[in-house]
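Engineer: Going down the list, the protein sequences come from chains U and D.
Taken in order, the first sequence gives residues 1 to 264; the numbers are from our numbering.
Taken in order, the second sequence gives residues 1 to 267; the numbers are from our numbering.
Since the hints were derived computationally from the structure, they do not count as laboratory data.
All figures in this text were calculated on a predicted structure; none of them were measured in a lab.
Certain hints may be false.
A partial selection of chain D residues facing chain U, derived with a Cβ cut-off under 7 Å [to be verified]:
#	residue
1	23
2	24
3	28
4	35
5	37
6	40
7	88
8	89
9	170
10	175
11	186
12	191
13	192
Distance ranges between label pairs, derived from CB positions [stated by the list, open to error]:
#	chain 1	residue 1	chain 2	residue 2	range
14	U	157	D	250	42 to 50 Å
15	D	150	U	140	45 to 53 Å
16	U	6	D	2	52 to 60 Å
Among the chain D residues that face chain U by a calculated CB cut under 8 Å, a handful are [claimed, not checked]:
#	residue
17	25
18	29
19	31
20	39
21	43
22	52
23	53
24	176
25	178
26	182
From the three backbone atoms N, C-alpha and C, an ideal C-beta is built for every residue, glycine too.
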Amino acid sequence: MSRLSGLLRLYVWHMKLSVSRAMMYRFDFITGLLISIAVSGIGPFVQYLYFTHTRGYPGWTLDQVLLFQGLLLLWFGLRDLLFGDLRGTVMNMVWKGEFDRLLLKPYPPIGVLLCSGFQLNGIGSCIAGVSLSVLAYTRLHLDFDIWSAPLLLVMLVSGVVLFMGITIIYCAIVIMLVQMGRIGEMLDMVTNFGNYPINIYPALLQMAMVTFLPFAVWTYYPAQILLHRADGDLWLAAACCFAVFGLSLVVWNRCLRKYTSAGG
Amino acid sequence: MRVFWKAIHLNLKVFFAYPKGFLISMVIHPIILALNIALFTSIYKYNGTTEIQGYDLTQMIWYYAVTTFVWIFTFNFADRRMSNYILSGELGPMLLRPISVFRFELANAIALRTAGVLFEFVPDMIIYSLIYPPVFLTLLSFGKFLVVIVLAFVLHFLLKFLIGMCAVVTQNNAGLNNVLTAAMTLLGGAMIPLEFFPDWLKTLCGVLPFQYIFYKPVQFFLNHGEAVSTGHWLATIGMQILWCGVLYVLGRIVWTVLTRKIVIAGG
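Working from the sequences, and respecting the hints, build out all of it.
Structural biologist: In structure tokens:
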């Protein structure tokens, strides 16, 4: 427990450092913020183009998809805010041989790494996501059910846990391979399949997106909760997120035992 | 020129020292293709059509596969590397080297992409063709694609280098790089084929260089629409060369102006 509170303190310290760094390069931060808000519009715009040229996705209207896109942007923002800087940090550390220092610290190396991911730039996507979600929600004239709030919270926690698991696997690959090339991008391409409503996939893939790769917790289930059509599988998806996290820790510990150091 | 080739050789050695990263991509890319097949098969089925905006199912699946190929052929880190040079203070020693920063970065990008083409494109092309045969592909269209993609690489590099130079003013150029990436992927047709765009946006894309990095190479690979004609291929090459010239001259001017303002920090 004391380790966890220590790691949380470390995370807060990193947050402060990240904010100070962002203020140091103010021009880049402000342009980055404006840009990320503007760029956030691309996803919904592409969906709009798609819906106006085709019949769209089964079971989804344009406004419902815009709500989905808003929640997706909000998730992207939160993800970048909490862990956006992590990939670059771990790659630099391993490439330059600085990762070895973490092995001597009083906290688990993966804990220290996860605490170093805060990136203020994610706030732009959050702003865009909240705005689009509120707009789409209003257009849909939906009533907010009080029981939706705890369900959304469960999905948020599960989503963060799942993303931490995927990030830990990424870190494990980095310490094994040293030179990542475009692997990070490719992992993103796989996770990007969670950017679509899962009911448009064939049944087998839908099951995979709830169990083996439970990306559905990031946006699909939160959208379904707000649209009052979530099913019981969301609990299965939430449980699977924790399973993926546990598995990632096993993978990480195995890779760490084989770590031979690099750079210098 | 000897120094340039040495720089390519040096960078290639770095990439060949860590080949596992490229090998993993051979596992991940077919998964992405399989997911795309499932996604588009479902969409085409729901829409009850054999064509969407002139693309049949095979072409649409391959559209996104070839977009990945374009990234493999053209992607480079010139922008991020330039920013790192500025932030770490490494730019000072780099300016004293017997090779210019531009040529060194170009050598790095060529080495990076050579390794990428050998370890990613070639195996992917074989695996993808076995999983979902590209029935539209001919030897001629593939040849046209190869020529266009080389110029797309140069264009992509010049754009990234321009953004990289902005780091002299902004130090950290991540924000500007995000704009470039977003503009390239949206207006270049990497996110959605340009046929989906309204006319005004298509016109805008026509006067920007981004479609010559993604959309045009993809069209030649798919042997789709105007890309069938040799005249259109020659016109595309002409436009690519023109854009390369414009961006190169712009880059030289910006570099000349900015080198007078460089402040070396860090170290």
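Engineer: Does each hint fit the structure? Answer for all of them.
Structural biologist: Going through the hints against the structure:
no.	hint	in the structure
1	23	violated (9 Å)
2	24	holds (6 Å)
3	28	holds (4 Å)
4	35	holds (5 Å)
5	37	violated (10 Å)
6	40	violated (10 Å)
7	88	violated (11 Å)
8	89	violated (15 Å)
9	170	holds (5 Å)
10	175	holds (3 Å)
11	186	holds (5 Å)
12	191	holds (5 Å)
13	192	holds (5 Å)
14	157/U to 250/D: 42 to 50 Å	holds (49 Å)
15	150/D to 140/U: 45 to 53 Å	holds (49 Å)
16	6/U to 2/D: 52 to 60 Å	holds (55 Å)
17	25	holds (6 Å)
18	29	holds (7 Å)
19	31	holds (6 Å)
20	39	holds (7 Å)
21	43	holds (7 Å)
22	52	holds (6 Å)
23	53	holds (6 Å)
24	176	holds (7 Å)
25	178	holds (5 Å)
26	182	holds (4 Å)
Hints 1, 5, 6, 7 and 8, counting from the list given before, are not met by this structure.
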